[in-house]
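Chains as they are written, first to last, in this note's numbering: chain Y, 7 to 486; chain C, 7 to 486.
Careful, some of the hints might be misleading.
Because identical chains cannot be distinguished in the list, a pair is counted as satisfied if it fits within a single copy or across any two copies.
Claimed, not checked - No more than 20 Å apart at the CA atoms, straight line, and that leaves these computed lysine to aspartate or glutamate pairs for EDC-like:
#, residue 1, residue 2
1, 355, 201
2, 355, 158
3, 264, 201
4, 264, 357
5, 101, 229
6, 444, 74
7, 101, 345
8, 264, 74
9, 264, 351
10, 444, 201
11, 355, 300
Source of the hints: derived by calculation from the structure; they are not laboratory data.
Number of protein chains: 2
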Amino acid sequence: MDAKQVGQDAGGSDSQSGWRQALGYLALIAVTVGGFLVIRHLGHDLTSPSLSPEAEGFGVAPSKAKVDVLMHVLLALVVIILTARVLGALFALAKQPAVIGEVLAGILLGPSLLGRIWPDASALLLPPTVAPFLSILSQVGVLLYMFMVGLELDLGLMRSRTHATVAISHASIVLPFLLGSALALVLYPRLATSDVPFTVFALFSGVSMSVTAFPVLARILTDRAMNRSRLGTIALTCAAVDDVTAWCLLAFVVSVAKTKVGGAVATTVLSICYIGFVFVVLRPVVRRLIARYDRAPSPPRGLVAGIFVALLASALVTEWIGIHAIFGAFLLGVIVPHEANVARELVRKLDDIVVILLLPAFFAYTGMRTQIGLVSGATEWLLCGVIIAVASVGKFGGSAVAARISGMSWRESAALGILMNTRGLMELIVLNIGLDMKVISPALFAMLVIMAVVTTFATTPVLHMVLHRRTVPIDAPSVA
Amino acid sequence: MDAKQVGQDAGGSDSQSGWRQALGYLALIAVTVGGFLVIRHLGHDLTSPSLSPEAEGFGVAPSKAKVDVLMHVLLALVVIILTARVLGALFALAKQPAVIGEVLAGILLGPSLLGRIWPDASALLLPPTVAPFLSILSQVGVLLYMFMVGLELDLGLMRSRTHATVAISHASIVLPFLLGSALALVLYPRLATSDVPFTVFALFSGVSMSVTAFPVLARILTDRAMNRSRLGTIALTCAAVDDVTAWCLLAFVVSVAKTKVGGAVATTVLSICYIGFVFVVLRPVVRRLIARYDRAPSPPRGLVAGIFVALLASALVTEWIGIHAIFGAFLLGVIVPHEANVARELVRKLDDIVVILLLPAFFAYTGMRTQIGLVSGATEWLLCGVIIAVASVGKFGGSAVAARISGMSWRESAALGILMNTRGLMELIVLNIGLDMKVISPALFAMLVIMAVVTTFATTPVLHMVLHRRTVPIDAPSVA
């Protein structure tokens with residue numbers, strides 16, 4: 007069929023000999039088909055060998071199941087990407103970060119909405135057998151994403167902090183962490199899983215309140231042309247410090263949760279050794295390599311491959327140590343100088359593929375696991391409200407009060423507090439880890455997902471209200 | 007730990023207040039830890055709820071298994087990427103396409119070598135449970151790769167063909183296809199699987215001999231600065247026609263193999279309808295969208311997302327129809343005009359990630375399935391030799407004789423024949439499909455993999471021998 011079409015194409019460009027070519031082509035097809043039919047006739051009586059079971063045993067992945075998996079994964083990706091893009095665009099129109107729409111798309115396609123109103127469609131779209139595959143794609147996506155977050159993190163920002171940013175970043179970690187831990191006193195008897203110790207649960211609860219979505223924050227600030235203003239710089243600096251601290255805390259929680267009592271010491275020691283190795287040994291090596299090979303406008307493929315291998319290896323090491331793979335990916339991103347050519351090029355290359363193709367898998371996977379239906383009844387919605395309130399008071403309150411004490415105006419302090427209360431995607435990553443480790447129950451997972459969406463959602467409108475036609479000097483010189 | 011480090015960083019930049027800050031920081035840590043210990047004490051007597059089984063049932067992917075999978079997938083990727091890069095670099099030093107080294111890396115890490123000399127390492131590196139996950143990553147990689155191959159394919163080349171290229175491209179498909187089908191008469195009684203009909207086996211055997219690795223060919227020609235020469239242009243044009251035809255044939259084989267007798271008609275009709283839809287309806291739409299939105303130096307994210315969704319959807323449709331998902335991805339690549347900004351940008355973005363990160367998963371997966379050990383004994387190695395000979399005679403002979411008849415010199419004709427005999431990665435994709443569909447046995451799979459490696463490997467040195475200090479007019483005007 008195609009051969010004919012190709013033949014016609016050829017004829018079209020050279021019309022005088024078109025017919026001759028077409029005829030020649032038909033003759034050729036006739037010869038081919040005829041030849042094949044002769045061969046087929048000759049082979050008609052042949053029988054295939056009955057192979058021994060071990061030669062027949064294809065070892066890996068039976069054919070039927072795998073094809074289905076590919077089809078389901080493709081279907082899930084197409085639907086989730088489309089839904090995520092549409093909802094993301096709608097939220098972007100409403101001046102909201104697109105990420106909220108994308109997260110909501112995952113939740114809507116999961117058991118919370120689609121599974122409830124149209125179970126057949128949900129079962130076709132995201133059958134449980136596909137979940138592990140969606141999970142591995144989404145984990146690769148999240149690893150690459152965290153690497154990019156690390157890449158974009160400016161360690162220089164942390165070094166050039168003023169007294170104000172020191173105070174604010176401390177307060178914006180300590181207060182939500184302690185409040186979150188205290189909240190565990192309420193949540194633990196109601197929503198912990200049956201075999202998690204209180205200490206682990208309280209630590210996790212604290213960490214889950216302390217996360218700030220550095221990338222979403224950066225996007226909001228860039229969208230409003232605030233990223234170079236004093237407020238923007240302070241917010242970014244504090245968010246960077248918060249994120250690093252929160253991820254270290256999370257790594258600690260994971261190690262404690264995984265290794266029970268005895269192994270925690272070993273895990274902690276190994277983690278410190280590895281972090282030390284990365285900063286003391288690996289960082290100078292990476293810097294030297296980049297300084298040597300990063301002159302060309304497009305970095306050599308060997309360098310890019312080296313960074314990818316290092317990224318995967320770092321993730322592997324932290325996963326093996328017992329703190330999560332994400333931590334290693336993030337760490338490696340941090341030590342690559344973010345102003346290097348190769349860093350910019352990597353972000354540029356990874357950005358679309360990770361954000362468009364792989365993160366939607368993460369949203370779909372998170373959505374599959376979020377069962378809003380588990381949050382039923384007045385008590386549970388009340389608890390959900392309490393969680394949102396505690397998270398917001400801790401993060402917003404801690405940052406805003408510290409900012410005011412440091413001498414910022416109330417208006418600026420409030421704006422900063424609201425910015426720091428953005429949780430976005432980072433919170434979801436933390437929550438999935440908690441659910442994986444069975445530290446939190448699915449019901450608590452659903453509540454915390456709601457909390458993440460609500461606090462992220464609230465940022466932009468509240469910020470707009472507070473700043474109110476930007477009376478803050480946006481073009482004031484940066485503090486950096 | 008990290009908090010302390012951050013504190014010291016801050017102190018370093020502002021040394022006079024360094025000690026005060028450090029002390030303040032220690033106090034803060036003390037308060038935090040103290041606060042947490044109080045909370046922990048308060049929560050000491052709390053018990054977690056015994057949740058109902060359905061609330062405890064985490065639905066998707068049990069934690070323990072999944073973490074292991076991530077670790078194994080990361081380990082497999084790190085090892086395979088490193089091995090592939092090293093072997094690829096060695097082969098590149100020997101003026102060979104790097105892809106041969108990468109394919110060999112997969113084979114060496116599989117049961118053929120590592121599994122034989124060090125079974126424990128092989129079991130740790132690539133346990134059978136990880137295979138499905140590696141498979142899905144590699145399939146996504148291959149989809150994206152085939153999309154890129156389609157993107158880089160210049161349909162204009164096919165239209166601007168001369169009589170020479172028409173004759174050569176026909177001969178270089180028909181001869182290897184018929185020879186391959188005839189070879190099935192020998193192979194079927196010995197190496198087919200027990201339930202495959204002869205027709206399907208013979209068709210597949212013919213297709214597997216007809217594939218030319220368009221991308222590897224393009225790379226070889228570019229490396230030798232021959233891609234603009236007359237010989238290079240003819241080779242690229244013929245390879246493009248061959249590839250399109252071979253993939254159409256493969257789609258036909260897959261549909262016949264999958265649907266047995268009755269459904270084949272439906273599959274064929276659906277395939278033709280879909281191909282018609284893509285070229286008649288989708289192609290003008292894509293062209294118009296690109297013409298409208300592709301003016302900016304970096305294409306808008308919406309356009310990129312749209313193309314990704316279309317790519318996945320096209321793969322989904324062809325998978326659903328019953329011809330392979332790869333075909334849809336390739337088809338979509340073909341209709342995106344390859345000179346558009348967005349096409350170049352997509353290739354640039356996808357290239358590193360697909361080639362460095364995802365294709366190694368494909369090499370590892372292919373290597374896992376390649377059991378060279380199944381090719382044992384003189385008869386089987388003889389058969390393997392026969393396969394290589396038939397494949398080479400068909401492809402090399404068909405192209406070279408047709409080129410000579412069209413008026414090219416013997417030297418040029420031979421060079422062209424050798425170039426067309428390059429099979430590379432494309433052949434492996436075809437073979438994996440055959441193994442998935444259980445058309446070929448693992449032993450025949452191993453033989454055909456050897457054939458692909460040998461014919462690709464032979465291209466460069468033989469080409470060098472034939473061209474011998476390039477007496478061919480490399481700077482002759484292009485035929486295009």
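Here is what the structure says about each hint:
1. 355 with 201: neither (43 Å within a copy, 46 Å between copies)
2. 355 with 158: Classified as both: same-chain Cα gap 14 Å, cross-chain 18 Å, threshold 20 Å.
3. 264 with 201: within (12 Å within a copy, 48 Å between copies)
4. 264 with 357: neither (32 Å within a copy, 38 Å between copies)
5. 101 with 229: within (9 Å within a copy, 49 Å between copies)
6. 444 with 74: between (30 Å within a copy, 16 Å between copies)
7. 101 with 345: neither (29 Å within a copy, 35 Å between copies)
8. 264 with 74: Between copies, since 13 Å is at most 20 Å while 34 Å is not.
9. 264 with 351: neither (37 Å within a copy, 43 Å between copies)
10. 444 with 201: Within one copy only: 8 Å inside, 46 Å across.
11. 355 with 300: Answer is both; intra-copy 16 Å and inter-copy 18 Å each pass.
Hint compliance for this structure: hints 1, 4, 7 and 9 are broken, all remaining hints hold.
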